Amino acid sequence: GAVVSQHPSWVICKSGTSVKIECRSLDFQATTMFWYRQFPKQSLMLMATSNEGSKATYEQGVEKDKFLINHASLTLSTLTVTSAHPEDSSFYICSASGQGAANEQFFGPGTRLTVL
Amino acid sequence: GDSVTQMEGPVTLSEEAFLTINCTYTATGYPSLFWYVQYPGEGLQLLLKATKADDKGSNKGFEATYRKETTSFHLEKGSVQVSDSAVYFCALSDGIQGAQKLVFGQGTRLTINP
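Read top to bottom, the protein sequences are chains A and B. If you use the working numbering, the first sequence corresponds to residues 3 to 118, in order. If you use the working numbering, the second sequence corresponds to residues 280 to 393, in order.
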């Protein structure tokens, strides 16, 4: 199947700093990327949907100024957590779909963010 | 809004046991239903799917049937293996294509002992 990578796989940062997470589709062009957040022992919650070259569409309750999403190319989307606080600590997962991906979402392995 | 409810885990079975993981859903339209599996240290992978009532999805010995009358999509396997140990997520989307928004259940951790 198609491969999606995320970087970094884990990150620890101080409160008040910003953290950028990258999501890449390695062998297909991702016209749509999704960003999810997963709390321990809980489900994945969709944060936003991004289409290449367009502004992201955020789910209700997700602060767009705090979670900045950029999908500038067909292989890369980034999620920046601005002015991170301990409550932002979570597991962030991206998925991608598009040409060559058979209309299926392919998931990255996730990024563990810990804010001290 | 749409929602998915899975049986709570963790589930622990012996090798070659029969597996059922229950999943029920609430949706206003006619959703497509999915089971995803997450092996340790890896991303979610699509295990199987069904796009309309009475469809049966199957893969790697796992099966699930889209039951509209009971709004269910239970996952079954006749004889589990140690390699099936993973977290399983039931999900729905409001379209045929999995490239649309997915709503996930809370996940069920499955451990198979030799």
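There may be inaccurate statements among the hints.
As the list claims (entries may be wrong) - Here are the in silico distance ranges between beta carbons for each label pair:
(1) 360(B) x 43(A): 42 to 50 Å
(2) 89(A) x 358(B): 40 to 48 Å
(3) 301(B) x 63(A): 35 to 43 Å
(4) 355(B) x 114(A): 43 to 51 Å
Stated by the list, open to error - With a Cα cut of at most 20 Å, we get these calculated DMTMM-like pairs of lysine to aspartate or glutamate:
(5) 380(B) x 89(A)
(6) 43(A) x 54(A)
(7) 43(A) x 334(B)
(8) 356(B) x 334(B)
(9) 43(A) x 287(B)
(10) 380(B) x 106(A)
(11) 339(B) x 54(A)
(12) 335(B) x 54(A)
(13) 43(A) x 321(B)
(14) 331(B) x 106(A)
(15) 339(B) x 65(A)
To be clear, the hints were calculated from the coordinates, so they are not data collected in a lab. Keep in mind the model is a prediction, meaning the values are calculated, not measured. Heads up, the beta-carbon is just placed ideally off N, CA and C, and yes, glycines get one too.
- Any of the earlier hints contradicted here, and which numbers? Hints 1, 3, 4, 5, 6, 7, 11, 12, 15 not satisfied by this model.
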